[in-house]
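Novice: Spelled out from the first residue to the last, the chains are:
Protein chains: 2
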Amino acid sequence: MDSLKIFVPATVSNVTCGFDILGFPVEAPGDIMTFRKTTKKEVRITHISGADHLPYETHRNIAGIVAQKMLEDNGMPFGLEITLDKGIMPGSGIGSSGASASGTAFAVNRLLDNPYTDIELVPYAMLGEISASGTRHADNVAPALYGGIVLIRSYEPLDIIRLDSPEDLYCTIFHPLVEIKTSDARAILRKNLPLDKAVRQWGNVAGLVTGLLKNDYHLIARSMEDVVAEPVRSLLIPDYDKLKPAAMDHGALGFGISGSGPAVFALSRGEETARKVREAMTRAYQSTGIKFNTYVSRIAKQGAKIVS
Amino acid sequence: MDSLKIFVPATVSNVTCGFDILGFPVEAPGDIMTFRKTTKKEVRITHISGADHLPYETHRNIAGIVAQKMLEDNGMPFGLEITLDKGIMPGSGIGSSGASASGTAFAVNRLLDNPYTDIELVPYAMLGEISASGTRHADNVAPALYGGIVLIRSYEPLDIIRLDSPEDLYCTIFHPLVEIKTSDARAILRKNLPLDKAVRQWGNVAGLVTGLLKNDYHLIARSMEDVVAEPVRSLLIPDYDKLKPAAMDHGALGFGISGSGPAVFALSRGEETARKVREAMTRAYQSTGIKFNTYVSRIAKQGAKIVS
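Chains as they are written, first to last, in my numbering: chain U, 6 to 313; chain G, 6 to 313.
Be aware that one or more of the hints could be misleading.
Partial selection, computed: residues in chain G whose CB lies under 8 angstroms from chain U [what the hints assert, rightly or not]:
| hint | residue |
| --- | --- |
| 1 | Leu168 |
| 2 | Ser170 |
| 3 | Val214 |
Taking lysine to aspartate or glutamate pairs in the EDC-like style, the calculated list, with each CA pair at most 20 angstroms apart, reads [claimed, not checked]:
| hint | chain 1 | residue 1 | chain 2 | residue 2 |
| --- | --- | --- | --- | --- |
| 4 | U | Lys202 | G | Asp169 |
| 5 | G | Lys196 | U | Asp201 |
| 6 | U | Lys219 | G | Asp164 |
| 7 | U | Lys91 | U | Asp189 |
| 8 | G | Lys219 | U | Asp78 |
| 9 | G | Lys202 | U | Asp201 |
| 10 | G | Lys306 | G | Glu161 |
| 11 | G | Lys219 | U | Glu172 |
| 12 | U | Lys46 | U | Asp90 |
| 13 | U | Lys202 | G | Asp201 |
| 14 | U | Lys219 | G | Glu172 |
| 15 | G | Lys10 | G | Asp169 |
| 16 | U | Lys202 | G | Glu161 |
| 17 | G | Lys202 | U | Glu276 |
| 18 | U | Lys306 | U | Glu276 |
| 19 | G | Lys219 | U | Asp221 |
| 20 | U | Lys74 | U | Asp57 |
| 21 | G | Lys281 | G | Asp254 |
| 22 | U | Lys196 | G | Asp201 |
| 23 | U | Lys219 | G | Asp169 |
Please keep in mind that the hints were generated in silico from the structure rather than gathered at the bench.
For clarity, every value in this text was computed on a predicted model and none was experimentally measured.
Glycine included, every Cβ here is placed at the ideal spot set by N, Cα and C.
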């Protein structure tokens, strides 16, 4: 195999109560990436579309960083030319950097003849996340690699579990086109959590996981509460208070911030409800004058995949 | 029905990472309680055995407090004489007060012809816990009422879910005969939790619940870690550091403090391993000179039950 074209999906991380431990991919949007082996043993980013300010320098580009490290660890058997067609807008909160990182890890592994298991690819993909946000988190890259709802039980040692989830769980993503830096969204979080709030959060985490595994929509709905990040991060998202009631009043099971925002998401039972939720959020937001993108998709069972 | 004799089991709460939200009953030890209707419309504790210092005054006795409130809320249709035969030593950390409270709630409901569902009984039983420890917690009384591994997802509103768990999950309880007040065990906890520790705890909670629901013993084992209470509460338990390695080196899936201690517990796959774990802890503790009780039991599928 000398070249590879892949699709790598956007991902929703945190999933309300599952701060830093839960995430899932959607079926769209996503990035298209191509990888072409070269005899010159260097990694080059040859084309970027769909994003204005991503760097071409290998050591500053997320895909470049991940590919370079993987090839070096394997004796640099070949070079690579990489193109990125970003369907996921950087800074959206739906795993744009995670997609570049995990897509690269996925593709380079294939081009190397699969020396790595999925869990072994996660640390490579996380290198990209560190370069993008300064934090070592896997709740975008692991779902983008594994597909389905993914639990990162532990970071040290890395322990990742793919959770079964109901077939007809749909996600509505609403992305207001405003900028929030991941580092700002991190900084606004309290470094310490009152014990009672922590107990409330892990009670909800246990409820959400149970609801997903048992196809219990009522329990999923009751458990989708975030007392840790939402109270502060929602302040960074203009008119958050218009979006949440719009979604919840139109049948969403739950609503929260996607990653560190500004994108928000709702889960619904069935595509029809997910579309109604999108319409309701759209109506509620029009008066703000802020532009936005929306997406409705099933929770994707597959993460990164080969297109050709 | 004019009288009732019931058995109500000891319970292990917290279950390592599930601080304040998880608990389960064992098959033994437990309390025997009798309830006899009287025409004189008052609640009297007429006999207590197995515990030296429990008060007989209705308004100071946990069973008395719960029964009095339930009868008052139902127009005091009859009086009660209650006897307690405590198989669960008060102050052990395996739900002694919780058993008195939940056993009373269970029995009085039957004598009233079942006006309450299980979840409606929990707040009555929690009244007893408040009087015993000053805190409003349900992770002993809910398992003693429901049976099985019980999740208290939320306290406000109260939301309780019974989790399926593997058939051959056995519990070894080791109770050093030293005194720890629940209020002291509460006071020693930090009121605030660093965010990274909280994330680690709820990652483990999600893993433990997933392991239980999917019969995944390896995942159960990996998830049985408590970074919140164990680091400080273990300091109150003499020679905790002898017990834990003894259990883990002899095949236990996991080990932790039962409730606020001093009892500790281990979960094992199969009764034989649970017995070996008991032997290992016994050997490890003999040099301390501290007396102790031990119990080996399956996780009980049923909580309080009618004996006759």
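Novice: Against each hint, give a clear statement of whether it holds in the structure.
Specialist: Outcome of the hint check:
1. Leu168: Holds - the Cβ of leucine 168 of chain G comes within 8 angstroms of chain U, reaching about 6 angstroms at its closest.
2. Ser170: violated, 12 angstroms
3. Val214: holds, 5 angstroms
4. U/Lys202 <-> G/Asp169: Since the Cα atoms of lysine 202 of chain U and aspartate 169 of chain G sit roughly 26 angstroms apart, the hinted pair is violated (cutoff 20 angstroms).
5. G/Lys196 <-> U/Asp201: holds, 8 angstroms
6. U/Lys219 <-> G/Asp164: Within the cut-off at roughly 16 angstroms; holds.
7. U/Lys91 <-> U/Asp189: violated, 23 angstroms
8. G/Lys219 <-> U/Asp78: The hint is violated at about 36 angstroms.
9. G/Lys202 <-> U/Asp201: Within the cut-off at roughly 14 angstroms; holds.
10. G/Lys306 <-> G/Glu161: Violated - the C-alpha atoms of glutamate 161 of chain G and lysine 306 of chain G are around 26 angstroms apart, more than 20 angstroms.
11. G/Lys219 <-> U/Glu172: holds, 18 angstroms
12. U/Lys46 <-> U/Asp90: Not OK: lysine 46 of chain U and aspartate 90 of chain U at ~23 angstroms, beyond 20 angstroms, violated.
13. U/Lys202 <-> G/Asp201: holds, 14 angstroms
14. U/Lys219 <-> G/Glu172: holds, 18 angstroms
15. G/Lys10 <-> G/Asp169: It is violated: about 28 angstroms lies between the C-alpha atoms, which goes past 20 angstroms.
16. U/Lys202 <-> G/Glu161: holds, 12 angstroms
17. G/Lys202 <-> U/Glu276: violated, 37 angstroms
18. U/Lys306 <-> U/Glu276: holds, 16 angstroms
19. G/Lys219 <-> U/Asp221: Judged against 20 angstroms, a Cα distance of about 15 angstroms means the pair holds.
20. U/Lys74 <-> U/Asp57: violated, 25 angstroms
21. G/Lys281 <-> G/Asp254: The given pair, whose Cα atoms are some 10 angstroms apart, holds under the 20 angstroms limit.
22. U/Lys196 <-> G/Asp201: holds, 8 angstroms
23. U/Lys219 <-> G/Asp169: At roughly 10 angstroms apart (the allowed maximum being 20 angstroms), aspartate 169 of chain G and lysine 219 of chain U satisfy the hint.
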